Amino acid sequence: MNLTLKIWRQKDSKAKGQMVEYKVTDISEHMSFLEMMDVLNEGLVAKGEEPVAFDHDCREGICGMCSLQINGEAHGPDRGITTCQLHMRMFNDGDTIVIEPWRAAAFPVIKDLIVDRTAFERIQQAGGYISINTSGNTQDANAIPISKEAADKAMDAATCIGCGACVAACKNASAMLFTSAKVSQFALLPQGRVEATERVMNMVKQMDLEGFGNCTNTGACEIECPKGISLENIARMNREYLAASLAKS
Amino acid sequence: MSGLIKSSIARKVAMALSALFLIIFLLLHFSVNFISIFSEDAFNEASHFMGTNPLVQFLMQPILILGVVFHFVMGFVLEAKNKASRPVKYSKYNGGASASWMSRNMLVSGAVILAFLGLHFYDFWVHEMTVKYVEGDMSGVIPGTEHLRYYEEMHAKFADLWRVIFYCVGFALLSLHLLHGFQSAFQSIGVRKFRNAIVKLGNIYAIVIPLGFIFIALFHFITQ
Chain F
1 MNLTLKIWRQ
11 KDSKAKGQMV
21 EYKVTDISEH
31 MSFLEMMDVL
41 NEGLVAKGEE
51 PVAFDHDCRE
61 GICGMCSLQI
71 NGEAHGPDRG
81 ITTCQLHMRM
91 FNDGDTIVIE
101 PWRAAAFPVI
111 KDLIVDRTAF
121 ERIQQAGGYI
131 SINTSGNTQD
141 ANAIPISKEA
151 ADKAMDAATC
161 IGCGACVAAC
171 KNASAMLFTS
181 AKVSQFALLP
191 QGRVEATERV
201 MNMVKQMDLE
211 GFGNCTNTGA
221 CEIECPKGIS
231 LENIARMNRE
241 YLAASLAKS
Chain X
1 MSGLIKSSIA
11 RKVAMALSAL
21 FLIIFLLLHF
31 SVNFISIFSE
41 DAFNEASHFM
51 GTNPLVQFLM
61 QPILILGVVF
71 HFVMGFVLEA
81 KNKASRPVKY
91 SKYNGGASAS
101 WMSRNMLVSG
111 AVILAFLGLH
121 FYDFWVHEMT
131 VKYVEGDMSG
141 VIPGTEHLRY
151 YEEMHAKFAD
161 LWRVIFYCVG
171 FALLSLHLLH
181 GFQSAFQSIG
191 VRKFRNAIVK
201 LGNIYAIVIP
211 LGFIFIALFH
221 FITQ
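Here the protein sequences line up with chains F and X, keeping their order. Oh and the first sequence: position 209 is 209 in the working numbering, straight run, nothing missing. Oh and the second sequence: position 75 is 75 in the working numbering, straight run, nothing missing.
Among the hints, erroneous ones may be present.
Covered stretches of chain X (chain F as the covering partner; in silico rule of three or more C-beta atoms under 8 Å from a C-beta of chain F) [stated by the list, open to error]:
no., region
1, 11 to 21
2, 47 to 57
3, 89 to 100
4, 103 to 114
5, 185 to 191
From chain F, some residues computed to sit far from chain X (all C-beta separations above 12 Å) [to be verified]:
no., residue
6, Gln18
7, Lys148
8, Val204
9, Cys225
In case anyone wonders, no lab produced these hints; they're calculated from the structure. Being a predicted model, the structure only gives us computed values, none of them experimental. All C-beta atoms in this analysis are idealised placements derived from N, C-alpha and C, irrespective of residue type, glycine included.
For reference, chain X alone in the conformation it holds in the complex (with noise of 0.2 Å):
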């Protein structure tokens, strides 16, 4: 068992069952927010539900936050890792003639990925955990109505367009990020069974996922 935690390929392993488990949440994600789309009451109950459920609040976001951290470090650990497997680089160097962009630069959508993240908790995350555990307030209601608050703070975080923009950007870079995670993950973990479907699965997922976020983030701007 030492062996699997010391390895190259346990490392791998692990960044790819990571990246497994953040490509479920974010289908769960995309879901949640695409009811904003159609139903605000919707919308609201279903984040209301998320936000005050004991099993989401206190098992799946923690185990959520360690698997976010967990690939964010370990990705950096082995970009680390990689540079000084080769401390002398190539004077030219043509990685476009054998891989993709995508594969070629991880490490840089993720840090996009990273950037985004950083904003998204501090607009929704860090606000929730405020109000909830610091003000101790956890009915979701709008103080001195009866309608819960979740649609009306989301839908005014996108009034303003540089946030849309910044979106829109780290939605794309997820998109790359993904056409090549996807598939990758399966490889990685020793699957090539279906490997086809696969590969389409991931490419449909890496473009339809994000664009529905950069959907929903217009869609709130436009309708102000």
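Chain F on its own, in the form it takes in the complex (with noise of 0.2 Å):
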């Protein structure tokens, strides 16, 4: 199939950037999103342009690294997946595709499509951990009883990768969907309770200072999230958050 894509280029972080249009020719069907962007990049850098910079890893789906927002979609059209996963047959001969980076305050635009997402480390190194005895004797992990639920819970939310798509579609670039599993992930399990009330306090305080948005309940990050994290997880943060600021007053 043959394309017309318009991609944001931005020579740095300071630079101001624009759409700029490339046509691609002869794309198939089965490649994936990012290896049309190779077939892209081939052809500029034999014409001796500078290639798009667009961030990857992994290029299956669990590093949370690529992160196009595809015709107005975090990810583009497909549900559940990264942008490594969406293959071109979700494309049609001669459809214009609009390629942008992550926007959010939060997020600066590095180069091209590649936003720095640092701010979601800092809000992970603000509590997003337990602090174990890793010295040789620790417990078993065995020995603390643990509801198949809440387990199940904990582990839906620990499967968030990071990638940033809950912000990039939300209206309002609110990092809640994101923080909030951060939060379930340790607030579901026993381990993690001891240091509930600092962590979500800490996570969310951060969060706020990074300069998201404000969470309305739009729901658009649980849709467009590649892992279905679940909104739920918004709520959970929300009550351990009250909790903590009343039990700390």
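Grab the two chains, each in its own frame, and use the hints to assemble them into the complex.
This is how it looks when you write it as structure tokens:
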């Protein structure tokens, strides 16, 4: 298939970017979206032009690196996948595809389609861990009974790969789905309850400091999330935060 | 406690609590208005009670006005903060692919409701305050008669077709606002139990109450 691509090009974080139009031809419907981008870049390099910079790593849908807003949707028009798992059969011959970086004040553009997502790392560093003894005398994990339901929900929350699609999809650029998943994966387990109060307070504080927007419960994050992280986690974080605030006061 | 006041979660919880308060008030308001369909006298009695009872006038009314003002001001503040969170817009944003129109346009429906409230306050509240607290007439009767004035005044307002149309548009937008807002308020305060029941109840409330208000407005317009 032959396609027209409209891609955001920006030399560096300080430069003024713009949409640039490219043509790609003979694209196989079996290609992944990133392979199509590779074809584009091979052509640009052959012509002596600067290739389009975009994030990618595992290309298996688990690392959370790929991050494209495709035709106005995070990770493109398919559901439950990252951009690397999006295939060109989702498009038609002659289509025009608009490709942009995640847009958020907390995710500044580094170059072209690559954004700085270290805001997520700082939120994680603010409390997304448990302080356990790893000196060699750790307790057997199976010695602490955990219900199947709690274990499943914690595991579901822990599947968040931190790609940032929730922020990209949200009309408010809110990071509540990401933060709530990281809060929930610990809050649901007895090992995580010990530091639950400090964790939720510190992570929410850091989330606000990074400049993400407020959640208005549109549910777009849940729909666009490649891992299907549920809005239930946001409700849990709200409960945890209110309880922690009242406990500390 | 300071974190609770400053944080994004505290702001959304405050919005949710003020919304739930207004939802309860709206049900009460609808119940009183609906009486006017069946009995002029009963409506007059109910209106006179609400308009002269000190608890309603000097405790509930100020709380209600504070609740309304807070909900609107906080709504606009949150919208401004959210706009600042994405300073560079997408050239193409397909919001409709993953979220309902109602959820993405609460400010639009809220602004129309605010305009409607402006007219509604002008029509009834300003008049009531003037008669009772400026002119000092707490009797509630039509001058020179023993009849209470509330039904007659309200009925006369709905003689104007354009006012009825504006009221209907306001209630239609109120319905859209509630279709998202009702269940969203519960999500914001962290309530996920009985989720399906809350969504269903919210949908019923969001359709029945505004439709009921539209019915009342049309009833008084038709029975002129």
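Hint check:
| no. | hint | verdict |
| --- | --- | --- |
| 1 | 11 to 21 | holds (count 3) |
| 2 | 47 to 57 | violated (count 0) |
| 3 | 89 to 100 | holds (count 11) |
| 4 | 103 to 114 | holds (count 3) |
| 5 | 185 to 191 | holds (count 5) |
| 6 | Gln18 | violated, 10 Å |
| 7 | Lys148 | holds, 19 Å |
| 8 | Val204 | violated, 6 Å |
| 9 | Cys225 | violated, 10 Å |
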